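Below, each chain spelled out in residue letters.
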Amino acid sequence: MKAIRQLIRNPFTRGAFFSLCVIAFVGIFSPFLTPYGPTDAKPADRLLAPGHLHYFGTDELGRDIFSRIIAGTRVSVGIALIAILLSALVGTFIGSFSGFIGRWIDQVIMRSTDVLLAFPTLVLALALSAALGPSIMNAALAIAIVKLPIYMRLARTQALTVSHTLFVKAARTFGVSSNWIVRRHIVPNLLTPIIVQISLDIGDAILLIATLGFLGLGAQPPTPEWGAMISTGWNYLLDQWWYPTFTGAAIFIAVIVFNILGDGIRDLLDPKAGE
Amino acid sequence: MLVIVLFGVSIITFLMAHVLPGDPTAALAGPHPSQETLNSIRSQFGLDKPLPVQYFKYLDNLFHGNLGTSIRSQQPITTEIMAFFPATLELVTVAFLFAIGIGIPLGVIAAVKKNTFSDYIIRLFAVGGVSIPLFWGGLVMILIFYAKLGWLPASGRLDIELSAPKTITGFYFIDALFGGDKETFINVVKHLVMPSLALGYVQLAFIVRQVRSSMLDALSQDYYLTGRANGLSHKFLVVRYALRNALIPSITIIGLSFGSLLGGAVVTETVFDWPGMGKYVTDSILGRDFPAIMGFTVVIALAYVIINLLVDLLVYSLDPETRK
Numbered sequence: 001m002k003a004i005r006q007l008i009r010n011p012f013t014r015g016a017f018f019s020l021c022v023i024a025f026v027g028i029f030s031p032f033l034t035p036y037g038p039t040d041a042k043p044a045d046r047l048l049a050p051g052h053l054h055y056f057g058t059d060e061l062g063r064d065i066f067s068r069i070i071a072g073t074r075v076s077v078g079i080a081l082i083a084i085l086l087s088a089l090v091g092t093f094i095g096s097f098s099g100f101i102g103r104w105i106d107q108v109i110m111r112s113t114d115v116l117l118a119f120p121t122l123v124l125a126l127a128l129s130a131a132l133g134p135s136i137m138n139a140a141l142a143i144a145i146v147k148l149p150i151y152m153r154l155a156r157t158q159a160l161t162v163s164h165t166l167f168v169k170a171a172r173t174f175g176v177s178s179n180w181i182v183r184r185h186i187v188p189n190l191l192t193p194i195i196v197q198i199s200l201d202i203g204d205a206i207l208l209i210a211t212l213g214f215l216g217l218g219a220q221p222p223t224p225e226w227g228a229m230i231s232t233g234w235n236y237l238l239d240q241w242w243y244p245t246f247t248g249a250a251i252f253i254a255v256i257v258f259n260i261l262g263d264g265i266r267d268l269l270d271p272k273a274g275e
Numbered sequence: 276m277l278v279i280v281l282f283g284v285s286i287i288t289f290l291m292a293h294v295l296p297g298d299p300t301a302a303l304a305g306p307h308p309s310q311e312t313l314n315s316i317r318s319q320f321g322l323d324k325p326l327p328v329q330y331f332k333y334l335d336n337l338f339h340g341n342l343g344t345s346i347r348s349q350q351p352i353t354t355e356i357m358a359f360f361p362a363t364l365e366l367v368t369v370a371f372l373f374a375i376g377i378g379i380p381l382g383v384i385a386a387v388k389k390n391t392f393s394d395y396i397i398r399l400f401a402v403g404g405v406s407i408p409l410f411w412g413g414l415v416m417i418l419i420f421y422a423k424l425g426w427l428p429a430s431g432r433l434d435i436e437l438s439a440p441k442t443i444t445g446f447y448f449i450d451a452l453f454g455g456d457k458e459t460f461i462n463v464v465k466h467l468v469m470p471s472l473a474l475g476y477v478q479l480a481f482i483v484r485q486v487r488s489s490m491l492d493a494l495s496q497d498y499y500l501t502g503r504a505n506g507l508s509h510k511f512l513v514v515r516y517a518l519r520n521a522l523i524p525s526i527t528i529i530g531l532s533f534g535s536l537l538g539g540a541v542v543t544e545t546v547f548d549w550p551g552m553g554k555y556v557t558d559s560i561l562g563r564d565f566p567a568i569m570g571f572t573v574v575i576a577l578a579y580v581i582i583n584l585l586v587d588l589l590v591y592s593l594d595p596e597t598r599k
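Those protein sequence lines, which keep their order, are chains A and D.
Just so we're aligned: 237 in my numbering is position 237 of the first sequence, and the numbers increase by one with no gaps anywhere.
Just so we're aligned: 540 in my numbering is position 265 of the second sequence, and the numbers increase by one with no gaps anywhere.
Please keep in mind that the hints were generated in silico from the structure rather than gathered at the bench.
As the structure is a prediction and not an experimental result, all values here were calculated from the model.
Incorrect hints may appear among the rest.
[Unchecked claim] Some chain A residues close to chain D (C-beta under 8 Å, calculated; not the full set):
#, residue
1, Ala3
2, Met110
3, Ser112
4, Val123
5, Leu128
6, Leu237
7, Leu238
8, Thr245
9, Val255
Backbone N, C-alpha and C fix where the C-beta goes; we use that ideal spot for every residue, glycine too.
Same shape as in the complex, but just chain A (with noise of 0.2 Å):
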């Protein structure tokens, strides 16, 4: 509750803050905001502009782009933070395990993550989604495993530093076991970057779907995903031009919401890497 007093004392960081809450609202309960079924095709409405009817217009098959847009609000924040929270769950996991261990556990697995990291983030997405099959479950698979590497690299650097520290060598002295140190003395002191990495990687993610999404990588049709929607909008750019601007509209303020954000609690939680 602290945390979120001080977030909200920044005007960036509130007017954010409350955009999420909004983004959050809309992903929950979607299915109660649309006014029409964000799949249901319509062919005699197909194109049409913007007006009081269809706030934003319809699509190629006359389905409703606002109800698209605010379907595709769970489909591509949520997936985006499945695929967040998985890489989290098991980088840290591994990385904190290497860590502890050491020897050359540690280093087959540093060394694999210098390889991932060998990688531009969006070809080794794209080449594994690819490879798995276009969809967007493997999609976020994708996505999980090109940001593994770097929450393995945060949790064992975390790792390594706590089980160095003083209380860790006293309790290890007291006859404590490794499961209780690392349960009571390594996640706790992990957490607090974890968390800000996750908050920074958020809006990545789904600008990642998205993308994938628009390469036809992503979500199949007719899954009402941002990327995919803009993707098939593209054709229609120069006369139906709010069929993919609306869209791309829709990403940009949400990656944008969860980047400050993410930078907004990295300030707060990790004083040092802030200014």
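Starting from the known structure of chain A, arrange chain D on it as the hints suggest.
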């Protein structure tokens, strides 16, 4: 170190191509293939052999610069990628120059004028850059500068009625400049503006953030205070001392940004119909041309590793700290 990474890269691309569920033979065999067709395709590509044997065959091919054959065109992938490479390199280089040319000064200004109006505007501009979907940025630019104002062309490297300049470097704008044909040169530059701005904006944002934070760091150091106490001007200290120290940690990020541009080019080239490797790979995705996608991935990873190595060497030569 480099060898280990490259070795690992080859294992990953191999695994992606051969072990993951998406079966490359299925794409070749067409819909509803008989088991016999599948088997014959599998043996034709050596897919029926044990995995280690397949891997060594793959590695051997890689060493000889052989990335396999494209399913769509039946041409060697290496030749195809080499043909598309100069266009991508041209786009990425111009975008990179734009990103550092604008990004570094903006980062310095934001740091020097910390917590003022200009700092807030620059930071907002930067956070916009990391948040904008590349394809949407391109889309908005096309709508404004092509559809609405008609100032800039929306696709390709050159108007169709103009012929490509004689190849010297493969960079059209340099070749056209040396060729001395003014009309072609202007046309080439006009084609470059939108894609390179759209692509460069994202990295510009990263550079602004990095330069700002390392500049702030430099300005809080003791030497700055000592300099001020000895009567040196703020401006002199910023230019002569802080900037130099702030740029060293920034070089790593700036170098990485060149690599990320290679990734971003995939999207930008698709949006602006730019005939480079990125366009090649999206066409390959649509055509389910699996070997071509993997060939592209290997080439990009290799380029990325080499760039990072060069950046490390540069930092090493500039920064006495790393040599200790």
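Results of checking the hints against the structure:
1. Ala3: Nearest chain D Cβ about 20 Å off; hint violated.
2. Met110: Given a least distance of 11 Å, the restraint on A/Met110 is violated.
3. Ser112: Interface hint status for A/Ser112: holds (7 Å vs cutoff 8 Å).
4. Val123: holds (5 Å)
5. Leu128: Constraint on A/Leu128 satisfied, holds at 6 Å.
6. Leu237: holds (6 Å)
7. Leu238: holds (6 Å)
8. Thr245: OK, holds: A/Thr245 within 8 Å of chain D, min 7 Å.
9. Val255: The hint holds - A/Val255 has a Cβ within 8 Å of chain D, the shortest such distance being about 4 Å.
In summary, the structure is inconsistent with hints 1 and 2 from the numbered list given earlier, while agreeing with the others.
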